[in-house]
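Student: Here is how the chains run, residue by residue.
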Amino acid sequence: MAEKPTRHGAAGAPTGATPPVSPNPYRVILTATSQAAYEAMYALSVSESASAATKNAHAEFRLIEDAVQRLIPANPADKRYALGEPLAGAFRMQRGHTRICWISNQRGRLVVILSIVKAPKSEADVKDADEILSRLVKAGFYKNDIEEWQRLVEPSPDATIQ
Amino acid sequence: MPMVEDFPTIDPSVRHIGVSKLRGLNADKLRETEDTFVIQDNDKPLAVLLTYDKFLAMQEKIRSVVNVVDLLRNPAEVAAIESAFADVAAGRLKPIETISEELKKGRG
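If you read the sequences in order, they're chains U and V.
Just so we're on the same page, the working numbering is the position in the first sequence counted from 1, plus 275.
Just so we're on the same page, the working numbering is the position in the second sequence counted from 1, plus 846.
Since the hints were made in silico from the structure, they are not lab data.
Computed from a predicted model, the values in this text were never measured in an experiment.
Be aware that a few hints might be false.
Said to hold, decoys possible - Pairs of lysine to aspartate or glutamate, EDC-like flavour, derived with a Cα cap of 20 angstroms:
(1) V:K950 <-> U:D353
(2) U:K354 <-> V:D881
(3) V:K940 <-> U:D353
(4) V:K907 <-> U:E335
(5) V:K951 <-> U:E314
(6) V:K900 <-> U:D353
(7) U:K393 <-> V:D881
(8) U:K354 <-> V:E948
(9) V:K900 <-> V:D916
(10) U:K396 <-> V:D881
What the hints assert, rightly or not - For the chain V half of the interface with chain U, some residues (derived, Cβ under 7 angstroms), not all of them:
(11) V860
(12) H862
(13) G864
(14) D899
(15) E923
For every residue, glycine included, the Cβ atom is placed at its ideal position computed from N, Cα and C.
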């Protein structure tokens, strides 16, 4: 599956032109958290049921698969998807009802998919502004995590990508 | 202690000009200037003229902030991000090729 990236998204949904193949492509790695979400979406998409929900799940998984395997590694530092503080350095894309968050390292040619999460179904599931502010207070926490990861994946001068 | 917002700020790159001065802004001058112009008529601000790059930078900044607020409003996504950083720190990472291969095998 990885050798042949998919180009198709949801039925009838345009997914854009195939980006040029880079001679030094990014490696895509999933965290255990995003892996669990990815696998759960896959399991739903291959369900034997012919219900509308299954068809939607199939289309949604194709969108995510396309984003993770093709769109994001083609340009992982695309400014259109950049997050601000406290998550500056991370990126986030909306695909259907799903949000994908990742970090990348240009020199290490690595993309780490942090999370794959469904958007809240209703306003009742959304946190209010006070909660947002309390999250913002934790700004240093996220920032340090991203900077630490960037430092760890910086290749040594004589390192080569396998 | 006063907040930063309590101090008046002056941005010397912002220039207030009358509408009539617009005629003097040709392509060469616009290319050279980094200034932002507040176009006024009888001291009443009517429009703002800024470089294309500045506009794009502002647009990116706004988009990045809106994107963060949208993320922070979703408790499930915040929890996932925190869990993901713990995964990164603990080395709980797997290449997409391996995951795809495992899914394919599991299905077969």
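Student: Name the hints, by number, that the structure is in violation of.
Tutor: 1, 2, 3, 4, 7, 8, 9, 10, 11, 12, 13, 14
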